[in-house]
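Residue numbers (our numbering), protein chains in the order written: chain A, 1 to 400; chain B, 1 to 112.
Keep in mind that the hints were calculated from the coordinates and are not lab data.
Every residue gets a Cβ at the ideal spot worked out from N, C-alpha and C, and that includes glycine.
One or more hints might be untrue.
Only part of the chain A face toward chain B is listed, based on derived beta-carbon distances under 8 angstroms [stated by the list, open to error]: (1) H182; (2) H184; (3) P186; (4) P189; (5) N191; (6) P193; (7) E243; (8) R244; (9) L253; (10) S257; (11) D348.
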Amino acid sequence: MDSGDTAWVLMSAALVLFMTPGLAFFYAGMVRSKNVLGMLMQNVFAMGLISVIWAIIGFSLAFGGTGSIVGNLDFAWLSGVTDLDGNIPGMAFVAFQMMFAVITPALITGATADRLKFSSYAILIGIWSIVVYAPVARWVFNENGWLFDMGALDFAGGAAIHINAGMAALAVVIVIGNRRGHGHEPMPPHNLPFTMLGTGILWFGWIGFNAGSALAADGVAAQAVVNTHLAAAAGMLGWLAVERIKTGHATTLGAASGAVTGLVAITPCAGFVGGAAPLIIGAIAGIGCFAALGIKAKMNWDDSLDVIAVHLVGGVIGTLLLGFFADASINGDTDGLLFGGGAELLKDQFVAAGAVAAFSFAVTFALAHAIRATVGLRVSPEDERIGLDQSQHAESAYSS
Amino acid sequence: MKLVTAVIKPFKLDDVKDALKAAGIAGITVSEVRGFGRQGGHTETYRGAEYKIDFVPKVSIRVVVAADAVDSVVETIVSSAATGKIGDGKIWVTDVERLVRIRTSEEGADAV
Numbered sequence: 001m002d003s004g005d006t007a008w009v010l011m012s013a014a015l016v017l018f019m020t021p022g023l024a025f026f027y028a029g030m031v032r033s034k035n036v037l038g039m040l041m042q043n044v045f046a047m048g049l050i051s052v053i054w055a056i057i058g059f060s061l062a063f064g065g066t067g068s069i070v071g072n073l074d075f076a077w078l079s080g081v082t083d084l085d086g087n088i089p090g091m092a093f094v095a096f097q098m099m100f101a102v103i104t105p106a107l108i109t110g111a112t113a114d115r116l117k118f119s120s121y122a123i124l125i126g127i128w129s130i131v132v133y134a135p136v137a138r139w140v141f142n143e144n145g146w147l148f149d150m151g152a153l154d155f156a157g158g159a160a161i162h163i164n165a166g167m168a169a170l171a172v173v174i175v176i177g178n179r180r181g182h183g184h185e186p187m188p189p190h191n192l193p194f195t196m197l198g199t200g201i202l203w204f205g206w207i208g209f210n211a212g213s214a215l216a217a218d219g220v221a222a223q224a225v226v227n228t229h230l231a232a233a234a235g236m237l238g239w240l241a242v243e244r245i246k247t248g249h250a251t252t253l254g255a256a257s258g259a260v261t262g263l264v265a266i267t268p269c270a271g272f273v274g275g276a277a278p279l280i281i282g283a284i285a286g287i288g289c290f291a292a293l294g295i296k297a298k299m300n301w302d303d304s305l306d307v308i309a310v311h312l313v314g315g316v317i318g319t320l321l322l323g324f325f326a327d328a329s330i331n332g333d334t335d336g337l338l339f340g341g342g343a344e345l346l347k348d349q350f351v352a353a354g355a356v357a358a359f360s361f362a363v364t365f366a367l368a369h370a371i372r373a374t375v376g377l378r379v380s381p382e383d384e385r386i387g388l389d390q391s392q393h394a395e396s397a398y399s400s
Numbered sequence: 001m002k003l004v005t006a007v008i009k010p011f012k013l014d015d016v017k018d019a020l021k022a023a024g025i026a027g028i029t030v031s032e033v034r035g036f037g038r039q040g041g042h043t044e045t046y047r048g049a050e051y052k053i054d055f056v057p058k059v060s061i062r063v064v065v066a067a068d069a070v071d072s073v074v075e076t077i078v079s080s081a082a083t084g085k086i087g088d089g090k091i092w093v094t095d096v097e098r099l100v101r102i103r104t105s106e107e108g109a110d111a112v
């Protein structure tokens, strides 16, 4: 075992853990003041619930055995993970992957803001992490997984995390319906300083998310740190440029959103690209995701905090652009279209994006319907009016 | 006695307070209020979506003064709160039937 590699992966696990409260504040600033605790709670609760489920069964379903679709129960209750010892301890890999499992379902909460019942949320993400996240993580991150085996690349989870959570968010939005007052009542963000705080935490944690995925303290990790940071910077600039031209102002929410789109898009590419690629990928994400904001209005989907435009579209952009920008001189043995590798990788990336999107949407759609038909998904109209803070948690964020 | 109520632009509060103090006014009551007038609201843009904000934040000042001081107080507020731009606010004057200083039970002009 390599102590340097181990130290970096353990550190990265802590960095990724910190992203979930970061996400909580990123989202909580954007909701109305009567729902801020509801939003913080849904995110932080994932740290509790998903960690337990992941330890009992999730990790094993993702990384146990040799199946191409799903793992087995060899590592249930985290028994026997020393079998995975290599340059780092198997348990370091468990810790790192656990934080990914936690944040992925938490991403969905932005789409269902202000109306998803807390108890139903708990059931939804608990089951989702077992029946959707664990298999998808298997396909993408495990060498036995069918997408990994096919040759599709996903360095830190553009497909497994962002496309996956983005499609799940869309499915739940369609089943749960729009917020009361959506479209005719203004629902502006109540505390953009929270959103900026969350953005800073996410950006910081993302260094571990992407560079930790090298699973070593080496040149690939260093490249991933630089790529991650540059993509966030370019994403911010790209978003702000379009926003300034189209609406007349460069906004703080735009700076925050643009940086996150760059981070999302570089996630699958982080350890596979170099040179100017992170700047190009980040800028395309910032511009492309801004353009995608209009989708929800056209479709009448109340994706309240733009999980589709930011995570789904950003994840698709990054996953597909890797087919162009992958550079075997940086890492791995696959070149993208622009580096002489032909269209083979791009095709694999299409298949990976499409397969994850279709599976996530179908299973989540069925799961959301099942929950709606049994215990219900939404809070009552009265509870929605008074807000999640009081109706779900019997608390107020701001008392005078 | 008269109650002078003014609704002014929030950033003008310090100027108005200083001017009233200089004019010998012993106390004012301030509250943050929202409303609309000829100024109307304004628009804010979040992620490309425009929101119309109908109510504009203002500050309301209340001053109780002796009847013969009303004109100079109104004059002082007008001159210290005016910017000349739309949304400067309004002042209105009403009669006060009775005034009591709680600490001493003094009434009327003694309590101003």
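Open item on the list: For the restraint on R244(A), tell me whether the closest CB of chain B is nearer than 8 angstroms.
Closed with: violated, 11 angstroms
Open item on the list: Please check whether D348(A) passes as an interface residue: C-beta within 8 angstroms of a C-beta belonging to chain B.
Closed with: Cβ of D348(A) sits 33 angstroms from chain B, so the hint is violated.
TODO: So, E243(A) near chain B? Judge it on the closest CB pair being under 8 angstroms.
DONE: holds, 7 angstroms
Task: Residue hint P193(A), partner chain B, criterion CB-CB below 8 angstroms - done: Status violated, d = 14 angstroms.
Open item on the list: The hint names S257(A) as touching chain B; please verify it with the least Cβ-Cβ distance against 8 angstroms.
Closed with: Since chain B brings a Cβ to about 6 angstroms from S257(A), closer than 8 angstroms, the hint holds.
Open item on the list: Interface hint check: N191(A), Cβ to nearest Cβ on chain B, cutoff 8 angstroms. Holds or violated?
Closed with: Hint violated; N191(A) Cβ to chain B Cβ min 12 angstroms, cut 8 angstroms.
TODO: For the hint on H182(A), just tell me whether its beta-carbon gets within less than 8 angstroms of chain B.
DONE: Hint on H182(A): violated, closest Cβ of chain B at ~12 angstroms, above 8 angstroms.
Open item on the list: Restraint: L253(A) near chain B, CB-CB cut 8 angstroms. Satisfied or not?
Closed with: holds, 6 angstroms
Open item on the list: Restraint: P186(A) near chain B, CB-CB cut 8 angstroms. Satisfied or not?
Closed with: Where the cut-off is 8 angstroms and the nearest Cβ of chain B is about 4 angstroms from P186(A), the hint holds.
Open item on the list: Hint P189(A) vs chain B: min CB-CB distance below 8 angstroms?
Closed with: holds, 6 angstroms
TODO: Identify whether the interface hint at H184(A) stands, where standing means a beta carbon of chain B within less than 8 angstroms of its own.
DONE: violated, 11 angstroms
Of the hints listed earlier, those the structure fails to meet are numbers 1, 2, 5, 6, 8 and 11, in rising order.
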